[in-house]
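Dock chain B against chain A, hints included.
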Amino acid sequence: MTLETFLQNIANGISLGSLYALIAIGYTMVYGIIRLINFAHADLLMVASYAAFYGILIFALPWWLSFLLAILLTTILGMSIEKIAYRPLRDAPRISALISAIGVSFLLQNLGIVLVGASPKPFPRPENLVWNIHLGGISFLSLAVIIPLITLVLLAAVNLVVNKTNIGIAMRAVSRDFETASLMAVDVNKVVVTTFAVGSGLAAVGGIMWSLQYPQIDPLMGVFPGLKCFIAAVMGGIGSVPGAMVGGFLLGMGEVMLVGFMPDLSGYRDAFAFVVLILILLFKPGGILGEHVVEKV
Amino acid sequence: MDGRKNIKIALNIATLLVTAVFLYWGDSVLSPFQKRILNLAAIFVILGASMNLVVGFTGMFSLGHSGFMCVGAYTAAILTMSPESKELIYYMEPIVPWLKNIEWPIIPATIMGGIIAAVFGILVGFPALRLRDDYLAIATLGFAEIIRIIVTNTISITNGALGLKNIPSEKSLLFYWSFCIITIIILKNLINSSWGYAFKAIRDNEIAAEAMGVSVFKHKMLSFTIGAFFAGIAGALMAFLITSIDPTMFRFLFTFQILLIVVLGGMGSLTGSVIAGIIITIAMEWLRFVERPMTILGMDIPGIPGMRMVIFAILLLVVVLFYRQGLMGTKEFNWDWLLDKLGLARNRERGIS
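Those sequence lines, one after another, are chains A and B.
The first sequence maps to residues 1 to 297 in the numbering used here.
The second sequence maps to residues 1001 to 1353 in the numbering used here.
For the record, the hints were derived by calculation from the structure and aren't laboratory data.
Note that the Cβ used here is the ideal one computed from N, Cα and C, for glycine as well.
Among these hints, one or two may not hold up.
So these bits of chain B aren't anywhere near chain A, every CB distance computed over 10 Å [unchecked claim]: (1) Ser1031; (2) Leu1038; (3) Glu1087; (4) Ile1102; (5) Thr1152; (6) Asn1189; (7) Trp1195; (8) Leu1321; (9) Lys1341.
Cβ-Cβ distance ranges computed for the label pairs, FRET-style [to be verified]: (10) A/Leu135 <-> B/Leu1123: 44 to 50 Å; (11) B/Tyr1024 <-> A/Gly117: 41 to 47 Å; (12) B/Pro1032 <-> A/Leu68: 42 to 48 Å.
Okay, chain B solo, but in the shape it has when bound:
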């Protein structure tokens, strides 16, 4: 009956296959530097998409993402480091005995990072989600800061301000992008489920949603916890990518970069977050040249540290002031749109139902 359904399934499978082949091929061909940037892009896509779930789809302006990342990164790092390097690194205070001999493989540790972050999400969400708008923003910002301060001060677990080094390294594109693609698929299905409709109802009008029988607090909690879970996953991936972490990494600056991705891509569009996540990550690397000393027409211009963030701050302001929809608004990419453009297998159901 519907000729499109089969085509779309085929297209989905084909896209996944092509991506898998590309990742496999990229792993052997690309330079370590290129791979690192692509992997960073995968992490930022996860971060952008999960923050978009909370901010763009559920309308909760939460600024606590970097705190949950911090939890995920530390969990994954502590679970995977070898007992020898733990002994070496925790020289200020020895690590607590029950963590000393743990050495997990990378994938379960990543998922555990997400789970612990989600637990923190529940703990933070219970008090914070009763607040709205800017109060929620400042409270979640506060919680992220509290998490960071706790991590700095619990030296026998986290090694305090010195941070952790020698975290097992993982470099393959396949690893990071698999997590990224699975995240996107889960989030896409979530958004198109009845939970997702409840999220959007809460975003559009909380009181009306409640009047229609949506349990507002429950759904806010769900969205917030799932957001925290994926932030934790991204934090864990970050730990494996850069192999050394410390509490100052997870300052508000990080949340700002993720916010930029969400706003640029469009609040309420997963596709937008994916595109903007990749663009911002690559731009962030590419723009490093403005911070390096250079010579233009025989003039020596010293490097200007901080210039990148000036550019990004201006970008954020321009998008918010003049182009509030971002790249995608609330639109999503879908095959129907592409097939319509190509004029293939016209959807005959239209106008009948």
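Pulled out of the complex, with its shape left as it was, chain A reads as follows:
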């Protein structure tokens, strides 16, 4: 492998890793608070991409307005999903909530197929957002810089919210102990809805940037990124925002490097994340930055 391709791979790994990190935060926040794998999170990516797509192509909006509206729409959708499909099951066995999450995910995917058709569509790349950068021998898309930048800014913002604001303190309290927090006059429903709003908003940003990076969108586009980002969240330690970031970067980098160094194994690329997941769960179930929680009887 030449130095150029190596640097190229690094650039790819960084942008893939930041996308994973961004989406993983939504999983980790929701899981931290209500202990539920939000399967529908993956499909919010798809919803955001299609919203942005139609905003640009049909309503002829400027791309930034279209992106903002798509993020807003996805946030509202995420909050409604919580209210309709998860809140009634909060005291039910965990399996029920999980089945409900799978149901919502399938509903969104198939509604997508019904409404926009199953065939992939090319996502437009706004010219003043995506251009080629030539640096020495390597050339890369501006996205390789923009995506990590946006990710870092959003991560810093989320960290600030979680650690410094009142709602952030309430979130951490709820995630530590649901019932005690509600006894301490924390409005649990408000905290959960806020968590879903933040998570869905980040998923929307992630989805739009995903479509810019890989400009082919279809109703099932969220499935694999979604699963992998959940894995990234588990790798970093579920419930921990910095953990999701570390996990996302490691997974993205690892995946790109696997294909880069061992092209023979490229068919197994999608299996890589699952193998990592299983190894992590077996040997360090708390994740890299997570704390080990002892199960109470």
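Leaving out everything else, chain B in the frame of chain A:
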């Protein structure tokens, strides 16, 4: 002493006989299309019941069923295909020599499909079953995906993404429903055995079960492996029913359909899985009309592909949100209930013991 015991034995035998006659009669009377749907229903009943054993009776939320089906289907297909058609189909890479000239009859190949799937079940179960709840769900989902990816990439054994065609076909109702009925009988006896009680104890409270001396890991392994075995059987039957398979068939979508059967029928009720399996299969065929173009009041409405799955997703959500017990809850059909309703041969033992 117990007048009911003989009646129940007689009823069991009579039901089996009536079913056998119906299947025999159906084989000669029904159209190939109707037979195909009924056979599909038998396969889905096996899938639903075996997933219910794992999810509903042992409380392990495993989403790996389609992976085990995939193993069973490929095993059975490779074992039964004739050497000539193997030569024809494996044109990307020739098949490995030790599989080349194998041509088994259908029934042993089906059972072998189950056995190989069970072996995979053991391999997956060892690491995965230490996990619980949603971690188990995502890990088993991951394993199913890994199995599918391995099948796609081991071209000299499975023919990769091209899939297998010309698998020997079997169309008779008797074949599929015999497997289905035997599966149900085995599972019913299993659930009412001491193993079955251990499964249910683990489901209700794992820590309490362990404290009472139930070997949790051993029983989880048993339940998971048996579930995988029957998933493999169902996969093999599927291969003979549709005669061509490829890796994309066994995606998560399949597990979703089985989950729907388990949830709709009631987690922890075999009867529920049987009823829901038949209902869902028939509904799935019947609902094809919503995906076809049609004319209502002179208006042409184009077909909407994907509409069926929207309906099923909504159905799943409605059941989980408003009707969590499903059709049967944890109840089972039994003759006592029917006889009580009819007021026949009242059970005089009640209240004495």
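Hint-by-hint comparison with the structure:
1. Ser1031: The claim stands: serine 1031 of chain B keeps its Cβ more than 10 Å from every Cβ of chain A (closest is about 30 Å).
2. Leu1038: 26 Å, holds
3. Glu1087: 24 Å, holds
4. Ile1102: 26 Å, holds
5. Thr1152: Per Cβ check, threonine 1152 of chain B is inside 10 Å of chain A; nearest 7 Å; violated.
6. Asn1189: 26 Å, holds
7. Trp1195: The assertion about tryptophan 1195 of chain B holds, with a minimum of 21 Å to chain A.
8. Leu1321: Given that some Cβ of chain A is not farther than 10 Å from that of leucine 1321 of chain B, nearest at about 6 Å, it is violated.
9. Lys1341: 31 Å, holds
10. A/Leu135 <-> B/Leu1123: 44 to 50 Å: At roughly 47 Å between Cβ atoms, leucine 1123 of chain B and leucine 135 of chain A fall inside 44 to 50 Å, so the hint holds.
11. B/Tyr1024 <-> A/Gly117: 41 to 47 Å: Hint holds: Cβ distance 46 Å, inside 41 to 47 Å.
12. B/Pro1032 <-> A/Leu68: 42 to 48 Å: Given a distance of about 56 Å, which is not inside 42 to 48 Å, the answer is violated.
When held up to the earlier numbered hints, the structure conflicts with 5, 8, 12 and fits the remainder.
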